[in-house]
Amino acid sequence: MRKLILKMLFSVLALSSFNLLAQEDITAQGEEVYMARCEYCHGEGLQKGGTIMLHRRYGDSKPAVLHQRTDLLPEYIRNIVRTNTPGMTPVRITEVNEKELDALILFLTRNNP
Amino acid sequence: MSLPPGLSQGQFDNALSEFRTAVGNDWVFTIDEHIAMYKDYFSPLQNTEAQPIPSAAVAPDSVEELKVVLRVANDYQIPLWTISTGKNYGYGGPDSRVNGSVIVDLKRMNRILELNEEHAYALVEPGVSTYDLWREIRRRGYRLWTDGPSPAYASIIGNTLERGAGYGLLGERAAAQCGMEVVLANGDVMRTGMGANSNAETWQQYKYGLGPYVDGMFSQSNLGIVTKMGIWLIPEPPAFRSAEVYVSGHEDIIPMIDTLRPLRLSNVIANSATASTNQGGHIEGAQGPGGGAGGGPNVDGGHAPGLPGWRARLGFYGYDRVVEANWEQVQDEFASAIPSATFHSSRFAAPYNPDEMLTESKLAAGIPSFQEAPIWNHGGTFVSMVMPFTGADYWDFLQTYDGLYQEYGMRYMGGPLHFHAPRSLMTLAGVPLSSTDNAVNERAMALCENLIRVSGEKGWSEYRTPLVFMDNAMESFDFNDHALRRFHETLKDTLDPNGILSPGKNGVWPQRLREERA
Chain C
1 MRKLILKMLF SVLALSSFNL LAQEDITAQG EEVYMARCEY CHGEGLQKGG TIMLHRRYGD
61 SKPAVLHQRT DLLPEYIRNI VRTNTPGMTP VRITEVNEKE LDALILFLTR NNP
Chain W
1001 MSLPPGLSQG QFDNALSEFR TAVGNDWVFT IDEHIAMYKD YFSPLQNTEA QPIPSAAVAP
1061 DSVEELKVVL RVANDYQIPL WTISTGKNYG YGGPDSRVNG SVIVDLKRMN RILELNEEHA
1121 YALVEPGVST YDLWREIRRR GYRLWTDGPS PAYASIIGNT LERGAGYGLL GERAAAQCGM
1181 EVVLANGDVM RTGMGANSNA ETWQQYKYGL GPYVDGMFSQ SNLGIVTKMG IWLIPEPPAF
1241 RSAEVYVSGH EDIIPMIDTL RPLRLSNVIA NSATASTNQG GHIEGAQGPG GGAGGGPNVD
1301 GGHAPGLPGW RARLGFYGYD RVVEANWEQV QDEFASAIPS ATFHSSRFAA PYNPDEMLTE
1361 SKLAAGIPSF QEAPIWNHGG TFVSMVMPFT GADYWDFLQT YDGLYQEYGM RYMGGPLHFH
1421 APRSLMTLAG VPLSSTDNAV NERAMALCEN LIRVSGEKGW SEYRTPLVFM DNAMESFDFN
1481 DHALRRFHET LKDTLDPNGI LSPGKNGVWP QRLREERA
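Taken in order, these protein sequences are the chains called C and W. For the first sequence, position 98 (counting from the first letter as 1) is numbered 98 according to the numbering used here, and the numbering increases by one without interruption. For the second sequence, position 29 (counting from the first letter as 1) is numbered 1029 according to the numbering used here, and the numbering increases by one without interruption.
Quick caveat, the hints were computed from the structure, so don't treat them as lab data. Predicted, not measured: the structure shown is a model, and the values here were computed from it. In this text, a Cβ means the ideal position worked out from N, Cα and C, and glycines have one as well. A portion of the hints provided could be inaccurate.
Covered by chain C, per the in silico footprint, the following chain W stretches (three or more residues, Cβ under 8 Å) [stated by the list, open to error]:
# : region
1 : 1033–1042
2 : 1131–1144
Here are the simulated distance ranges between beta carbons [to be verified]:
# : chain 1 : residue 1 : chain 2 : residue 2 : range
3 : W       : A1325     : C       : R78       : 47 to 57 Å
4 : C       : N112      : W       : T1021     : 38 to 48 Å
5 : W       : L1265     : C       : N79       : 47 to 57 Å
6 : C       : P86       : W       : E1457     : 32 to 42 Å
7 : W       : S1198     : C       : N79       : 48 to 58 Å
8 : W       : R1143     : C       : Q68       : 29 to 39 Å
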C-alpha cells in the first residue's frame, strides 16, 4: 500500500513537473514570437512606436514596454492582436498562428499576480 | 459576406472546397472575423460600401499549393488579389480593387532560402519581412547590412515590387533586386535572368540573363505572382557617419536641392538621402501620416502655421578617411551655397551597436524600425510624385500643392523628399483621413484626385499610388493615346486571359473587367 502511494505520489510529481516544463517551453516559444513580431514596436527604447503610444496613454501609471506589464489579460491580448486598434492593424493568423498566439499570451501574462 | 463577381453561392462553395483541398482547411478564411483582418483600415473608402470586401483569403505555403489555387481561380473565373505581408499602408494595405476578390496571402511562404555573405545577397520568399532578414543576418553573425523601408514588418518582396525606398546604399529597392521566380496565371513557373539556366550559380549576381529583361514586368504588376526574389545586401562598411544639414529659411529648400543634386549624381552622397521640414515632421492637430522615417509631410490641421526650414539627412559609408573627407566636402558645398546652413552628425564604426543609434541613423544603416505607429492613429493616404531634381521645380510643386490644400482647408508645408532614385526627386504628400468622419475622407479623396490631375498637367506623375487612385494616376501616362497602358493590357490579356490576377492593379484591367476602370 505504501509502495502504491509512493508510486502515485511520484507520478503526480512527474506529471506536474512535466507540465511545468511544458509551460516553460511554451513561454519561451512565446518570447520568441514576441521578439520576432512585437518587440520592434513594443520593446524598450525611445523610438519604438508602440512604446511611445502606450507611454502617451498611460504616462507613468503602467510600464510602456509591453513585456514589463503584469496586468494584461489573455482575452485582451487576443483581441488587440486580432482586431484593429489605433496604431496597430490586425495581426493575421498567417503572421502569428493560433498556437503561437497562445504561447505569446503565456509569455505576456507570465508575471501576472 | 461578398461573392466573387458572377458567381453563385453554390459555385463559390465548390471553389472554396477546392481551395481547402489545395492549402488545407486551416488556411482558407471566410468568416467575418477573419475577413476583417484583410481590410485596409487606412482606406479613404473606410466605413463606406465602396470599400471592396474580399470573399475569402487563401494562404498557400508553397509554389505547388499556389499553382492549384491559380487553377481553381481560372476554372471559376475568380479575381484574386495577391499580398505578401499586406502592410503597404498609405497605399492600400491588403485591400483589393474588385469586391468579392479572393486574397492570396503569401505570408506563410516566409523562408530565407539563401543568405550569402561572400557575394552579399539573399534569396527570399514573399513572407520574409525586412526585420526577419535583419535578425537572421545578426543571428548568423554575417557582416552584411540590409536596406529598406522603415516599417519592420514590410515584406522584402512586396516593398521591392512596389519600388519602395530605403535610406542606405541600396535605397532604390527595385535596383537592388536580382532574379525572380514567377508563377504565371496559367500555373507555369518561370525564373528570370540567370535563374533561367538551371545550372547557373549567378542567379543573384547578374540580373539580365539573355534576351528581353522582363523582371520589371512583374513589379507594380498583375502579370504574375513572384514567389522568390534575389535581393542584394551591403557588405558592412568599416565606418559610417549619419549626418544632417539644416537650413532655416523656407525658400532655402531651393539651393538645398540644387546643392544636393551634383553631390548625389556624382555619388559623393551615395545613400538614399531624404529631406523634410525641420518642424519635427508632425504638426499637432494633423491626423494623417506625418513624421516618421523621412520626416513629415506636414499637413496642418488648420491652425496658424509658420513657414518651416528644412533638414537633409545623409549617410556616408566606407573607409574612415573617405567617410570623413566626403562629409567635409559636403559641408563645404552647403556652406558656400547657403551660408546659414548648420550641420550635425554622428560617427559609428564596426562592430555596430543598434542601441546606440537614433532612428535616423538606424534607417541609414538599414536597421528596420517602427517609430511610425502613433502617426497612423487615424490613417492617411499618400500622393507621391516623381519630378525633376531641381530647386525651382520643387518650389513650383510646393506652391501648387499648398494652393490646392488650401482649397480644402489645409496647408501643405512640404516634405518629405526622397532622393533614392538619384537622378530624380520624389515627393510624398500625406492627406489625413478619419476613422469616424466620412466627410473628412471624401474631402481627402477630392483633394488627392485634384493633386494627381494637376500634377499630371505639370508633367509630374506618381511613382506609386494608393489603390483608390490607381486609375487616376495611370491616366496621367497619356502619351499617344495611352500607348503604355494599351501595351500593359495587351500583355494582361495574353498572359492572364481570364483576368484572375489582381485586376485593376495600377490601372491595368483585364478585358472582362475593363468597364470597372474609374
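The hints, checked one at a time:
A stretch counts as covered by a chain when three or more of its residues have a beta carbon under 8 Å from one of that chain; for the region 1033–1042 of chain W and chain C the count is 7, and the coverage holds. By the rule of at least three residues with a Cβ nearer than 8 Å to a Cβ of chain C, the coverage given for the region 1131–1144 of chain W holds, with 3 such residues. The beta-carbon spacing between A1325 (chain W) and R78 (chain C), approximately 55 Å, falls within the hinted interval of 47 to 57 Å. Evaluation of the 38 to 48 Å hint for N112 (chain C) and T1021 (chain W) yields a pass: the beta carbon distance comes to about 42 Å.
Taking 47 to 57 Å as the suggested C-beta distance range, the pair L1265 (chain W) and N79 (chain C) conforms, at roughly 52 Å. At roughly 37 Å, the beta-carbon separation of P86 (chain C) and E1457 (chain W) lies within the given 32 to 42 Å, and the hint holds. Look at S1198 (chain W) against N79 (chain C): about 49 Å separates their beta carbons, and that is inside 48 to 58 Å. The hint said 29 to 39 Å for the Cβ distance between R1143 (chain W) and Q68 (chain C), and at roughly 33 Å that hint holds.
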